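Novice: Chains as they are written, first to last, in our numbering: chain A, 1 to 310; chain B, 1 to 310.
FYI, nobody ran anything at the bench for these hints, they're computed from the structure. Here the structure is a predicted model, which is why all the values come from computation and not from measurement. Do not rely on the hints blindly, as some may be mistaken.
What the hints assert, rightly or not - Simulated restraints on C-beta separations:
hint	chain 1	residue 1	chain 2	residue 2	range
1	B	86	A	47	19 to 27 Å
2	A	49	B	234	30 to 38 Å
3	A	139	B	166	54 to 62 Å
4	B	86	A	100	34 to 42 Å
5	A	106	B	169	35 to 43 Å
6	A	142	B	30	26 to 34 Å
7	B	93	A	49	48 to 56 Å
8	B	86	A	276	43 to 51 Å
Stated by the list, open to error - Under 10 Å between C-beta atoms, here's a sample of chain B residues computed to sit facing chain A:
hint	residue
9	27
10	28
11	30
12	39
13	82
14	113
15	114
16	124
17	282
18	284
Said to hold, decoys possible - Footprint (simulated), chain B over chain A, 3 or more residues, beta carbon under 8 Å:
hint	region
19	25 to 31
20	111 to 124
21	158 to 169
22	247 to 258
Beta carbons are placed, not taken as given, at the ideal position from N, Cα and C, and that holds for glycine.
Number of protein chains: 2
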Amino acid sequence: MLNETKIINYLKQNFISPGGIGDDAAIITGSNLISKDLLVEDIHFRLKYTDAASLAHKALQVNLSDIAAMGGLPSHVLLGIALPQNAQEYIDEFLQSFVQSCHQNNVELIGGDTCASPDKLYISVTIIGTAHTPILRSTAKIGDIVCAVGNLGYAHLGLQALESNTDIPKEFKQAFLKPNAAIKESLWLSSQASVTAMMDISDGLLTDLKKLCFASGVAAEINIDNLKNNIIFEESCSALNLNPLEVILTGGEDYGLLFTVKNDTYQELQANANFLIKRIGKIIKGNKGEVAFSRNIDLSLKEFSHFGEL
Amino acid sequence: MLNETKIINYLKQNFISPGGIGDDAAIITGSNLISKDLLVEDIHFRLKYTDAASLAHKALQVNLSDIAAMGGLPSHVLLGIALPQNAQEYIDEFLQSFVQSCHQNNVELIGGDTCASPDKLYISVTIIGTAHTPILRSTAKIGDIVCAVGNLGYAHLGLQALESNTDIPKEFKQAFLKPNAAIKESLWLSSQASVTAMMDISDGLLTDLKKLCFASGVAAEINIDNLKNNIIFEESCSALNLNPLEVILTGGEDYGLLFTVKNDTYQELQANANFLIKRIGKIIKGNKGEVAFSRNIDLSLKEFSHFGEL
Numbered sequence: 001m002l003n004e005t006k007i008i009n010y011l012k013q014n015f016i017s018p019g020g021i022g023d024d025a026a027i028i029t030g031s032n033l034i035s036k037d038l039l040v041e042d043i044h045f046r047l048k049y050t051d052a053a054s055l056a057h058k059a060l061q062v063n064l065s066d067i068a069a070m071g072g073l074p075s076h077v078l079l080g081i082a083l084p085q086n087a088q089e090y091i092d093e094f095l096q097s098f099v100q101s102c103h104q105n106n107v108e109l110i111g112g113d114t115c116a117s118p119d120k121l122y123i124s125v126t127i128i129g130t131a132h133t134p135i136l137r138s139t140a141k142i143g144d145i146v147c148a149v150g151n152l153g154y155a156h157l158g159l160q161a162l163e164s165n166t167d168i169p170k171e172f173k174q175a176f177l178k179p180n181a182a183i184k185e186s187l188w189l190s191s192q193a194s195v196t197a198m199m200d201i202s203d204g205l206l207t208d209l210k211k212l213c214f215a216s217g218v219a220a221e222i223n224i225d226n227l228k229n230n231i232i233f234e235e236s237c238s239a240l241n242l243n244p245l246e247v248i249l250t251g252g253e254d255y256g257l258l259f260t261v262k263n264d265t266y267q268e269l270q271a272n273a274n275f276l277i278k279r280i281g282k283i284i285k286g287n288k289g290e291v292a293f294s295r296n297i298d299l300s301l302k303e304f305s306h307f308g309e310l
Numbered sequence: 001m002l003n004e005t006k007i008i009n010y011l012k013q014n015f016i017s018p019g020g021i022g023d024d025a026a027i028i029t030g031s032n033l034i035s036k037d038l039l040v041e042d043i044h045f046r047l048k049y050t051d052a053a054s055l056a057h058k059a060l061q062v063n064l065s066d067i068a069a070m071g072g073l074p075s076h077v078l079l080g081i082a083l084p085q086n087a088q089e090y091i092d093e094f095l096q097s098f099v100q101s102c103h104q105n106n107v108e109l110i111g112g113d114t115c116a117s118p119d120k121l122y123i124s125v126t127i128i129g130t131a132h133t134p135i136l137r138s139t140a141k142i143g144d145i146v147c148a149v150g151n152l153g154y155a156h157l158g159l160q161a162l163e164s165n166t167d168i169p170k171e172f173k174q175a176f177l178k179p180n181a182a183i184k185e186s187l188w189l190s191s192q193a194s195v196t197a198m199m200d201i202s203d204g205l206l207t208d209l210k211k212l213c214f215a216s217g218v219a220a221e222i223n224i225d226n227l228k229n230n231i232i233f234e235e236s237c238s239a240l241n242l243n244p245l246e247v248i249l250t251g252g253e254d255y256g257l258l259f260t261v262k263n264d265t266y267q268e269l270q271a272n273a274n275f276l277i278k279r280i281g282k283i284i285k286g287n288k289g290e291v292a293f294s295r296n297i298d299l300s301l302k303e304f305s306h307f308g309e310l
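I would like the entire structure built from these sequences, with the hints used as guidance.
Specialist: Right, dumping it as C-alpha cells:
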C-alpha cells in the first residue's frame, strides 16, 4: 500500500535538495518557509460534529504548526476549497471564521482556489513564513535530551469520544476540534542556541520521534515513566476502553512540539522557559530511526496513519 | 449560490492589499509570486479517459499558467494528494510523471502533503515563481488593443468529445488533457513595455476578459470577425452540435494568455513576436467589466464555471 511515508520517500529519491521534502515546511530560499496541508471530510473531520468555526480554526492552526515546527513566524496564507453542493451555508461561516483566524494570527490571506466537489468537502491551505535560522529535524545529536511541548494524546482521546459519542470532559474534544499551534513556544525555542532539532507532533509522539531520529541518523529512548498524564485523562481513556500510554505514544493531531536540546544546557532551558517543557527521553546511538523504551511495555503500538484511520 | 467569484469577492472585501487576491498569482513580497490550483476527480478530470501521465502534466501546467499569467518564471512547487483506496496504482504513475514534468520545466518540487480520500482523487498544487515586474490584470487602459496567445475553445471542444465519446481529431482532446502553459510567450511579453495588462485564459475568453476589464475599471469590445478558428474546428463543433463561436467565447481550460497592448505599439509588438498574437478587440470606455461585441450575435452565452460544469 502506498502511504504517506512511501510517497515522501519516493519524492525524496527524486528531489534531494537542501531544504527539500522532509521537514514540516520547505525552505524556499534562505529564511522563507512554505508548507501545505489538506483537510478532507470524513478523513480529518466530520461535518456532523465539527462546526464551521472550529474547522476554519483548525485548518489554519495545522498549517501554522508546520511553520512553528521550524521556529518560523507565519506571514501569508492561501486557501483552497473544493465545495460540495450541500455545504454552501457551512462554507459561508467557514470563510468568515477563517478570515477572522487569519487576522488574529497576523497572517495575510493572499490567494487561493475554489471549485466544486462531487461529494466531500476538501480544504487545502498553503502557508508561508520566515525563520531567521530554520530549525530542522535532521540535526539531533547523540546525548541530546528529547523534549515535548503541549499535551500528548489529548486530541486522539477527543476524537475517539466524538466518534463514539462518549461523554468525557470537553477539554479533550476541543483538543481535537480546535488545536492551537505552539507558535510562541517555537519562536522562543528557536532563539535558544541549545535547541538542536525540532518538529511538530502531528502524527503521534512515537511516529514523529522515529521520523526525527531517522532524519538525524540516530536512535532514541523514551522514558516511559515520564509520559503519565493526569487522572481525568486516565479515567476518560477507561471510559473508551483505551490504554492511556498507547494514546499518549501514538495519538496524532496534538500539534505540540518535539525537540532536542544539548544535555548540559537542558536544566537552564527548562528554568528559563515560561511554558512547560516535558522531558521525554534521550537521543542514543543505535539503528537510524529506531525508538526504544526505558522499560518493557506490553502494547500493540499501531502507528498513526492518515490513511483510513477514522 | 456561492460560486468562485462570490467567494473571491468576499475574501477581497476582507483582505484588500496590494498583490492580494484578484490576480492569477499573488505577490508575496516584491517579485515573489505564489498561486495554488485544485484538480478534482469528476469536476476537472475523469479517470476513465485521463491517463496518469496526462493528469500529472496538466496539474503542473495549470499552475505554471498562473505564474505565466503575470509574466513570471516558475521556480518551486508543492504537491498535495488526497488519495482514494482504488487509485494507488494510478498515483504511482502520476508521481513519476509529475516528477518528470517538474524536471522538464525547471521547477523544484520542495514539499507537499498526502492523505487518504474517502472517494475521489484530489490534486492540489502550489506554485512559486518570480517576476521582475509582475504584470497585473488591473492595468489595462482605454484605447488598448486586446490580444490573445494560444488556441481558443480547443480544450472545451476536446472535453465535450471526451464526455460524449465522439470521434474528432486528437488535437482537441489533447488540448484538454495535456494543455501547455505559455511560459515563454509570457516571459517575452512581460519584457515589452507596450504590454499594459495580462492574465491567463482559464475560464474562457469572455469570462476572463470581463475579469480583466472589471479589475482595470474599463470595458471592452470583442471583434467577432477576428475569432474564427479553422475548418476542422468548425466541423468538429458540428459533430458535437456545438456553435463554434460560442465554444471560442466561453470554452475554458485553454491556458493561453489574454493581454492588452498600447494601441500605437501593437503593430511593432506583433512584428517582433516569434509566436502568433491574435487581435481580439479593444478596451473601451463603459461600465466596469462589461464586454460588448462588434456586431450582434444570437447566442446564449453561458459563462464557464467550475461549479458542476461537467
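Novice: Work down the list of hints and note, for each, if the structure agrees.
Specialist: Taking the hints in turn, this is what the structure says about them:
no.: 1; hint: B/86 <-> A/47: 19 to 27 Å; verdict: holds, 24 Å
no.: 2; hint: A/49 <-> B/234: 30 to 38 Å; verdict: violated, 55 Å
no.: 3; hint: A/139 <-> B/166: 54 to 62 Å; verdict: holds, 58 Å
no.: 4; hint: B/86 <-> A/100: 34 to 42 Å; verdict: holds, 38 Å
no.: 5; hint: A/106 <-> B/169: 35 to 43 Å; verdict: violated, 54 Å
no.: 6; hint: A/142 <-> B/30: 26 to 34 Å; verdict: violated, 43 Å
no.: 7; hint: B/93 <-> A/49: 48 to 56 Å; verdict: violated, 37 Å
no.: 8; hint: B/86 <-> A/276: 43 to 51 Å; verdict: holds, 45 Å
no.: 9; hint: 27; verdict: holds, 8 Å
no.: 10; hint: 28; verdict: holds, 6 Å
no.: 11; hint: 30; verdict: violated, 12 Å
no.: 12; hint: 39; verdict: holds, 8 Å
no.: 13; hint: 82; verdict: holds, 5 Å
no.: 14; hint: 113; verdict: holds, 5 Å
no.: 15; hint: 114; verdict: holds, 5 Å
no.: 16; hint: 124; verdict: holds, 4 Å
no.: 17; hint: 282; verdict: violated, 30 Å
no.: 18; hint: 284; verdict: violated, 29 Å
no.: 19; hint: 25 to 31; verdict: holds (count 4)
no.: 20; hint: 111 to 124; verdict: holds (count 12)
no.: 21; hint: 158 to 169; verdict: violated (count 0)
no.: 22; hint: 247 to 258; verdict: violated (count 0)
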